[in-house]
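Novice: Listed here are the chains, written in short residue letters.
Protein chains: 2
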Amino acid sequence: MTVSSDAARTYSRANGEKFLQELFEMLRIPSLSGDPAYAGDIRRMAEWLDQHMRGLGLDNVQIMPTAGHPVVYGEWLGAGPDKLTVLVYGHYDVVPAAVEDGWTSDPFEPVVRDGKIYARGATDDKGQMFIHVKALEAYLKTEGAAPVNVKFLLEGEEEVSSPNLTPFIEEHLDLLKADVCVISDTSMSHIDAPSITHSLRGMTYLEIEVEGPKEDLHSGLWGGAAHNPALVLVEMLGKLYNADNTIAVPGFYDDVVSLTDEERAMIAKTDLSEADYKAVTGVPAVWGDARFTIRERLSARPTLDINGMWSGWTGPGPKTIIPQKASAKLSSRLVANQDPHKIFTLLKDYLESIAPPTVKLSVRLLTTGRAALIPFDIPEMQAAARAYEQGWGHTPVFTRGGGSIPVVADIASLLHIPVVMMGYGLDSDGLHSPNEHYSIEMFARGIETAIVYLEELAQLSR
Amino acid sequence: MTVSSDAARTYSRANGEKFLQELFEMLRIPSLSGDPAYAGDIRRMAEWLDQHMRGLGLDNVQIMPTAGHPVVYGEWLGAGPDKLTVLVYGHYDVVPAAVEDGWTSDPFEPVVRDGKIYARGATDDKGQMFIHVKALEAYLKTEGAAPVNVKFLLEGEEEVSSPNLTPFIEEHLDLLKADVCVISDTSMSHIDAPSITHSLRGMTYLEIEVEGPKEDLHSGLWGGAAHNPALVLVEMLGKLYNADNTIAVPGFYDDVVSLTDEERAMIAKTDLSEADYKAVTGVPAVWGDARFTIRERLSARPTLDINGMWSGWTGPGPKTIIPQKASAKLSSRLVANQDPHKIFTLLKDYLESIAPPTVKLSVRLLTTGRAALIPFDIPEMQAAARAYEQGWGHTPVFTRGGGSIPVVADIASLLHIPVVMMGYGLDSDGLHSPNEHYSIEMFARGIETAIVYLEELAQLSR
Numbered sequence: 001m002t003v004s005s006d007a008a009r010t011y012s013r014a015n016g017e018k019f020l021q022e023l024f025e026m027l028r029i030p031s032l033s034g035d036p037a038y039a040g041d042i043r044r045m046a047e048w049l050d051q052h053m054r055g056l057g058l059d060n061v062q063i064m065p066t067a068g069h070p071v072v073y074g075e076w077l078g079a080g081p082d083k084l085t086v087l088v089y090g091h092y093d094v095v096p097a098a099v100e101d102g103w104t105s106d107p108f109e110p111v112v113r114d115g116k117i118y119a120r121g122a123t124d125d126k127g128q129m130f131i132h133v134k135a136l137e138a139y140l141k142t143e144g145a146a147p148v149n150v151k152f153l154l155e156g157e158e159e160v161s162s163p164n165l166t167p168f169i170e171e172h173l174d175l176l177k178a179d180v181c182v183i184s185d186t187s188m189s190h191i192d193a194p195s196i197t198h199s200l201r202g203m204t205y206l207e208i209e210v211e212g213p214k215e216d217l218h219s220g221l222w223g224g225a226a227h228n229p230a231l232v233l234v235e236m237l238g239k240l241y242n243a244d245n246t247i248a249v250p251g252f253y254d255d256v257v258s259l260t261d262e263e264r265a266m267i268a269k270t271d272l273s274e275a276d277y278k279a280v281t282g283v284p285a286v287w288g289d290a291r292f293t294i295r296e297r298l299s300a301r302p303t304l305d306i307n308g309m310w311s312g313w314t315g316p317g318p319k320t321i322i323p324q325k326a327s328a329k330l331s332s333r334l335v336a337n338q339d340p341h342k343i344f345t346l347l348k349d350y351l352e353s354i355a356p357p358t359v360k361l362s363v364r365l366l367t368t369g370r371a372a373l374i375p376f377d378i379p380e381m382q383a384a385a386r387a388y389e390q391g392w393g394h395t396p397v398f399t400r401g402g403g404s405i406p407v408v409a410d411i412a413s414l415l416h417i418p419v420v421m422m423g424y425g426l427d428s429d430g431l432h433s434p435n436e437h438y439s440i441e442m443f444a445r446g447i448e449t450a451i452v453y454l455e456e457l458a459q460l461s462r
Numbered sequence: 001m002t003v004s005s006d007a008a009r010t011y012s013r014a015n016g017e018k019f020l021q022e023l024f025e026m027l028r029i030p031s032l033s034g035d036p037a038y039a040g041d042i043r044r045m046a047e048w049l050d051q052h053m054r055g056l057g058l059d060n061v062q063i064m065p066t067a068g069h070p071v072v073y074g075e076w077l078g079a080g081p082d083k084l085t086v087l088v089y090g091h092y093d094v095v096p097a098a099v100e101d102g103w104t105s106d107p108f109e110p111v112v113r114d115g116k117i118y119a120r121g122a123t124d125d126k127g128q129m130f131i132h133v134k135a136l137e138a139y140l141k142t143e144g145a146a147p148v149n150v151k152f153l154l155e156g157e158e159e160v161s162s163p164n165l166t167p168f169i170e171e172h173l174d175l176l177k178a179d180v181c182v183i184s185d186t187s188m189s190h191i192d193a194p195s196i197t198h199s200l201r202g203m204t205y206l207e208i209e210v211e212g213p214k215e216d217l218h219s220g221l222w223g224g225a226a227h228n229p230a231l232v233l234v235e236m237l238g239k240l241y242n243a244d245n246t247i248a249v250p251g252f253y254d255d256v257v258s259l260t261d262e263e264r265a266m267i268a269k270t271d272l273s274e275a276d277y278k279a280v281t282g283v284p285a286v287w288g289d290a291r292f293t294i295r296e297r298l299s300a301r302p303t304l305d306i307n308g309m310w311s312g313w314t315g316p317g318p319k320t321i322i323p324q325k326a327s328a329k330l331s332s333r334l335v336a337n338q339d340p341h342k343i344f345t346l347l348k349d350y351l352e353s354i355a356p357p358t359v360k361l362s363v364r365l366l367t368t369g370r371a372a373l374i375p376f377d378i379p380e381m382q383a384a385a386r387a388y389e390q391g392w393g394h395t396p397v398f399t400r401g402g403g404s405i406p407v408v409a410d411i412a413s414l415l416h417i418p419v420v421m422m423g424y425g426l427d428s429d430g431l432h433s434p435n436e437h438y439s440i441e442m443f444a445r446g447i448e449t450a451i452v453y454l455e456e457l458a459q460l461s462r
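Protein chains in written order, with our numbering: chain A, 1 to 462; chain B, 1 to 462.
These are calculated hints, taken from the structure and not from any lab test. Small disclaimer: the values here were computed from a predicted structure and weren't measured. Please note that the accuracy of each hint is not assured.
Because identical chains cannot be distinguished in the list, a pair is counted as satisfied if it fits within a single copy or across any two copies.
Unchecked claim - With a straight-line cut-off of 30 angstroms between C-alpha atoms, the simulated DSS-like cross-links for lysine-lysine are:
#1 Lys141 x Lys177
#2 Lys214 x Lys269
#3 Lys360 x Lys278
#4 Lys278 x Lys348
#5 Lys269 x Lys239
#6 Lys239 x Lys348
#7 Lys360 x Lys239
#8 Lys269 x Lys177
#9 Lys269 x Lys348
#10 Lys239 x Lys214
#11 Lys214 x Lys278
#12 Lys278 x Lys239
#13 Lys342 x Lys214
#14 Lys342 x Lys360
#15 Lys18 x Lys141
#16 Lys360 x Lys214
#17 Lys18 x Lys348
#18 Lys141 x Lys342
#19 Lys360 x Lys141
#20 Lys214 x Lys141
#21 Lys18 x Lys214
Chain A on its own, in the form it takes in the complex:
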């Protein structure tokens, strides 16, 4: 049986408002994975997805436990064994958001302004993940069948670097068996310039703490003979970079694979100017390693950032203490072939080597993720390019992403299948920032593209 996409596309256009209201229900659930206080909301979100997929007629729908937050699984295998099976990966968890961070409206009460949905998770990843659910619904509600078999693997710990997903995949290799994996959790620079991400950066995320006195000290009584832990922290972190904006940690760049001229030429297709970068981010001036273009710095070069830092009195007014301790969160975006654990050791050794004897230093690994690099000349990638041409209306470019989706490397290596990253977001969606948003137009185009992709995959031989 050959299933055409025509009726499904018509259905998706007719049901845009219904899809939106369903997405809003998801966005109202503050499914923060990094904070134990929200465990109940994570659970509620998983139950919502479970109920929703059951309602669409998927089979074998279940909330599957892990050592952390659960995976929601569902499948439709009605296309039969002669057809390909596509595994859709998405995540239903989000990063924190609070009105006081600068949100114009409640981050967990979605509102539409200028055709954009404002809510935490709108683009990362609830909106993008839902596109695939709606694409399958469009087929099932019109043709009663989809062109290929579809499995959903929806996790709740992506924003904390998926600590339990690798063991989950290892335990369920048969259940997750597929021919190709599709993930929509990346973005494009402009709505008419879609892209397929074939490379992602990895990550090493750590937390450091510098302890001095046994408690906060009165800076008048004791100041002058105690090495202030906040001062020690800034003196240490002030040595992370060299004057040329390269990372000063010995050995940090040792395993970085150099870019070829061909790769640099391809990256140049999506380069952005200093003016563009400044306009989107609002920085007063562009910064970085001047030997590389901006896009190279953002995607093909490793970074080392301070993500958070705290010490002493941070409330209003003055408080005259020498803080007992000072802490920072640091993370490094990695590229092939940097090993996240080796990088952690290098960072830890360096920090320990520059810590003075006036404090106690502790360095703790929070999360890691490997970088990923997928070839883009394979049939599953080329089928995705055709799906964009028909469903989105534009030919995509193949790009490197700067972010980290550790599961991409894991799925590719454990299930031995290509991972196709069809990002339906915009670079300017503000993910992880206040006022994260997602364009309704892109949500709709994404559903049509996802519909066409299933049809295109049906043309490929198993």
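Following the hints, complete the assembly by docking chain B onto the known chain A.
Specialist: Quick look at chain B alone, frame taken from chain A:
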């Protein structure tokens, strides 16, 4: 009429438990001056003092408005114009405290453990201030009169550097007219080693903010070309000190008056060893300008401390952002003859000179206070020494304090009277720290010493 201290001293011993319960009432009021959320508690504290002093029979008791928190005033002038008038200064406001900072018990529910009262403000300054109120009560309840006239000036903004006290004094010079001012808001190293502080450090307190992008950025999408504001802050603050632990700000030491050999010899009487300093503070090693002894660093040399610092994500787990901004609170303890406003300008100029063009820097003055230095060979000081000998049981030493009570310099210069700092606290009381406490024994000895001091002052001619 000559009033003897005998009956008053007996009364004070008999009423220790009553005095303690009254102090507890004060300690239960969280009169934080630095946080607008506690304005109601500040008010409640002022009203408590107003009612209490009226109840003791003081005259002209009133809550007097300022541009900030009010002053509570009260007087007893029954000794007549032939006798000296002593102005007691104290403050009823406290610095913040929260159980999660490491308090063993609620900071605003005083409890006694091992003879010590644990509560925020127990030693700084509610307990010490109350000593003078109870000394006057002891005279009035026994003799019906005190040996000298007494005025109370109790303020509510000491912990935010008394921004409105100077204008208040200037407006009420007649009301506050006195022959000597006594302040109990300092401490001694050991209960049997009382001291009279004749020098205090001044202060310049500022807040700085480094802003980069217009909002928090996703470190994967944008990391590599944005100069992380937290990184900029640590790189800047990492340049506050030279390698020899002297302050790197140009001109910072220019106005510091050098210590004479005689002054160094006097300071040496109260020096403390590295082992002592480490034991009390818990630091792994002593730090500072090696050209000076520990006590000199703590009292006769200026400092520059980071009191607080914050940027980006500080909650549990990882969050992969480049923070929009990074902030710090800095304060400098000053010595004679450093001008707090000149020091602010030097700090601001230096920070601006080292800020890179990749960020926007703002430097804001929070508070200032002048250093103070009072001669110790005057009769009012010597009378205080005799009061310790009789009331406390030990001869005091004259010391330099490391903390800042800006009002000391103001009272001395505006009212043209000596200020005698009779500190009834212990260095290890943990003021401004979790588990601040005050010894009941010291509270009792303080009341007796204050009783004797009024008697001693009555011997001095006007």
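Novice: For which of the previously enumerated hints does the structure constitute a violation, in increasing order of number?
Specialist: 5, 8, 9, 13, 17, 18, 19, 20, 21
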